[in-house]
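J.: Sequence:
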Amino acid sequence: MTERISTAPTTAPPEQGQWTYEDWLRLPDDGYRYEVLDGVLYMAPPPHPEHQRSLSPLGGQMIVHVTARKLGEVIFAPCAVRLPGQPVPVQPDIFFIAADRLKFFEKQAFNGAPDLVVEMLSPSNWVYDRKEKFQAYERAGVREYWIADYRAKTIEVFSLKGDAFVLLDKWGPGETAQSEVLEGFEIAVDEVFKPLDL
1057 MTERISTAPT TAPPEQGQWT YEDWLRLPDD GYRYEVLDGV LYMAPPPHPE HQRSLSPLGG
1117 QMIVHVTARK LGEVIFAPCA VRLPGQPVPV QPDIFFIAAD RLKFFEKQAF NGAPDLVVEM
1177 LSPSNWVYDR KEKFQAYERA GVREYWIADY RAKTIEVFSL KGDAFVLLDK WGPGETAQSE
1237 VLEGFEIAVD EVFKPLDL
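Following the working numbering, the numbering of the sequence shown begins with 1057 at its first residue and continues without gaps.
No lab work stands behind these hints: they were computed from the structure.
Do not rely on the hints blindly, as some may be mistaken.
Said to hold, decoys possible - DSS-like mimics (lysine-lysine), calculated; alpha carbons at most 25 Å apart, straight line: (1) K1250 x K1209; (2) K1209 x K1226; (3) K1163 x K1209; (4) K1163 x K1187; (5) K1187 x K1217; (6) K1126 x K1187; (7) K1126 x K1159; (8) K1187 x K1159.
Given the sequences, and given the hints that come with them, work out the whole structure.
T.: And the structure:
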């Protein structure tokens, strides 16, 4: 992740819609996730444990599938992605880059649209991931967008058709989610949202 300056700000923060990469760099490294889309600052608190627990089986299965077939690389947050037209990087929960596009990784970020992005919804990011990030990923040319919801125990997969996302399907308990971008990849929804055995 890009190193941020952790000193207290000496000037008033920019107005919403005016945030720049330099402003973002001045934000504190305090455990919150700060992202800027179209000059607007968004902040999310540290994720809920269920958010993180649900990402592990999904990302893990994707890694196994991608590695076995030498398709590219699957990356977990925090890792900066600089979307086309967005000067400030975002941090998808999980993203996949096809092998022929790995050359777009630079020292501090991946520059370009990932081939596939996964975002796990939380109460604090529900609207952001469904609206702002949805639109940003769509405009950037992300080929497939997975929205997983650990509270509803559902996975929605959107595929880019032309310049717009189209819902491929929505899967719930007892069903199996599938990808078009990762040919042959599927995962049981129940495997992603396993209850915690206490």
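J.: Each hint should be assessed against the structure and marked as holding or not.
T.: Here is how each hint holds up against the structure:
Restraint check for K1250 and K1209: the C-alpha separation of about 9 Å stays at or below 25 Å, so the hint holds. Of the pairs offered as hints, the one joining K1209 and K1226 holds, with about 11 Å between alpha carbons and a cut-off of 25 Å not exceeded. Proximity of K1163 to K1209 is assessed by CA-CA distance (about 36 Å); at most 25 Å being required, the pair is judged violated. For a cut-off of 25 Å, the pair hint linking K1163 to K1187 is broken: about 29 Å separates their Cα positions.
For the given pair, K1187 sits about 18 Å from K1217 by alpha-carbon distance, which is consistent with the 25 Å threshold. This hinted pair does not check out: K1126 and K1187 have alpha carbons roughly 33 Å apart, beyond 25 Å. Proposed proximity of K1126 and K1159 is supported: the alpha carbons are some 15 Å apart, at most 25 Å. Between the alpha carbons of K1187 and K1159 the distance comes to roughly 30 Å, so the proposed pair goes past 25 Å and is violated.
Hint compliance for this structure: hints 3, 4, 6 and 8 are not met, and every other hint is.
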